[in-house]
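Each protein sequence line maps, in turn, to chains A and B. Take 14 as the starting number for the first sequence in the numbering used here and just add one per residue. Take 16 as the starting number for the second sequence in the numbering used here and just add one per residue.
FYI, nobody ran anything at the bench for these hints, they're computed from the structure. Predicted model only: the values in this text are computed from it and were never measured. Glycine included, every Cβ here is placed at the ideal spot set by N, Cα and C. Hints may contain errors.
Listed next, with one range per pair, are the computed distances between beta-carbon atoms [stated by the list, open to error]:
| id | chain 1 | residue 1 | chain 2 | residue 2 | range |
| --- | --- | --- | --- | --- | --- |
| 1 | A | Leu-55 | B | Thr-119 | 38 to 46 Å |
| 2 | A | Arg-44 | B | Arg-54 | 17 to 25 Å |
| 3 | B | Leu-88 | A | Pro-17 | 40 to 48 Å |
| 4 | A | Met-14 | B | Asp-86 | 23 to 31 Å |
| 5 | B | Arg-107 | A | Arg-72 | 21 to 29 Å |
| 6 | B | Asn-83 | A | Met-14 | 18 to 26 Å |
| 7 | B | Ala-60 | A | Arg-47 | 13 to 21 Å |
| 8 | B | Thr-119 | A | Thr-41 | 38 to 46 Å |
| 9 | A | Met-67 | B | Tyr-36 | 17 to 25 Å |
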Amino acid sequence: MFSPSHFASVLLFALFASVVFGITQRETPNRMFRYGAYCFILFVGSAIVLSWVMYAIAR
Amino acid sequence: MAATEDKNIAAGQSSDQGFVYLPLIAGWLVPGAGHFLLRKWGRGALLAGSILSMFAMGLAMQGKLYANAHDILDMLGFAGDLGSGLLYVVGRAMGLGAENVQLTTADYGTRFIVVAGLLNIIAAVDAHNLRTGRKA
Numbered sequence: 014m015f016s017p018s019h020f021a022s023v024l025l026f027a028l029f030a031s032v033v034f035g036i037t038q039r040e041t042p043n044r045m046f047r048y049g050a051y052c053f054i055l056f057v058g059s060a061i062v063l064s065w066v067m068y069a070i071a072r
Numbered sequence: 016m017a018a019t020e021d022k023n024i025a026a027g028q029s030s031d032q033g034f035v036y037l038p039l040i041a042g043w044l045v046p047g048a049g050h051f052l053l054r055k056w057g058r059g060a061l062l063a064g065s066i067l068s069m070f071a072m073g074l075a076m077q078g079k080l081y082a083n084a085h086d087i088l089d090m091l092g093f094a095g096d097l098g099s100g101l102l103y104v105v106g107r108a109m110g111l112g113a114e115n116v117q118l119t120t121a122d123y124g125t126r127f128i129v130v131a132g133l134l135n136i137i138a139a140v141d142a143h144n145l146r147t148g149r150k151a
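The following block holds chain A by itself, in its conformation from the complex (with noise of 0.2 Å):
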């Protein structure tokens, strides 16, 4: 079975649906790749800020 940490889920959840989300929503190879880690750095990113909100909020 495979059991990747939370942190290691969302990595791999967010570089799968970037990478469908920069190829489908931009035209050119250059603008596919920026969107692309945009939408990554924006899926990571919002993971990490929202996991210390609701850490903060429990304590």
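Please build the complex by placing chain B on the supplied structure of chain A, with the hints as guidance.
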């Protein structure tokens, strides 16, 4: 003349380039196939790799393949799973996926499978847009 062209468009047919909806249907049934049909090899390979990996990892995490819907959330999950096309059919036929989600990892896996289906629908629509010329 114009009436004939309108009929062809209405029927989803283009006299010189074949069935307009073929990339959409192929892309839904097999991830990346719509782009392969349009000779977009790189894009198709990346889409297929991403969607297949996500679906396979979801199954490896003991994620659930929705078979029947008892409530609205199950119906939404089932609709997302159907987006995977033949992957879902093969997975169900082979009895893959957990019956009940008992671990946190399995819950992640269930989401991976659903999102793989939704991403596959986006990819299939993209192939259709390429085919119709709406996207370069």
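Comparing the hints with the structure gives:
1. A/Leu-55 - B/Thr-119: 38 to 46 Å: violated, 24 Å
2. A/Arg-44 - B/Arg-54: 17 to 25 Å: For A/Arg-44 and B/Arg-54 the Cβ distance comes to about 20 Å; the hint holds.
3. B/Leu-88 - A/Pro-17: 40 to 48 Å: violated, 24 Å
4. A/Met-14 - B/Asp-86: 23 to 31 Å: Holds: the Cβ-Cβ distance is about 27 Å, inside 23 to 31 Å.
5. B/Arg-107 - A/Arg-72: 21 to 29 Å: violated, 44 Å
6. B/Asn-83 - A/Met-14: 18 to 26 Å: holds, 25 Å
7. B/Ala-60 - A/Arg-47: 13 to 21 Å: Given range 13 to 21 Å: holds, Cβ gap about 20 Å.
8. B/Thr-119 - A/Thr-41: 38 to 46 Å: holds, 40 Å
9. A/Met-67 - B/Tyr-36: 17 to 25 Å: violated, 45 Å
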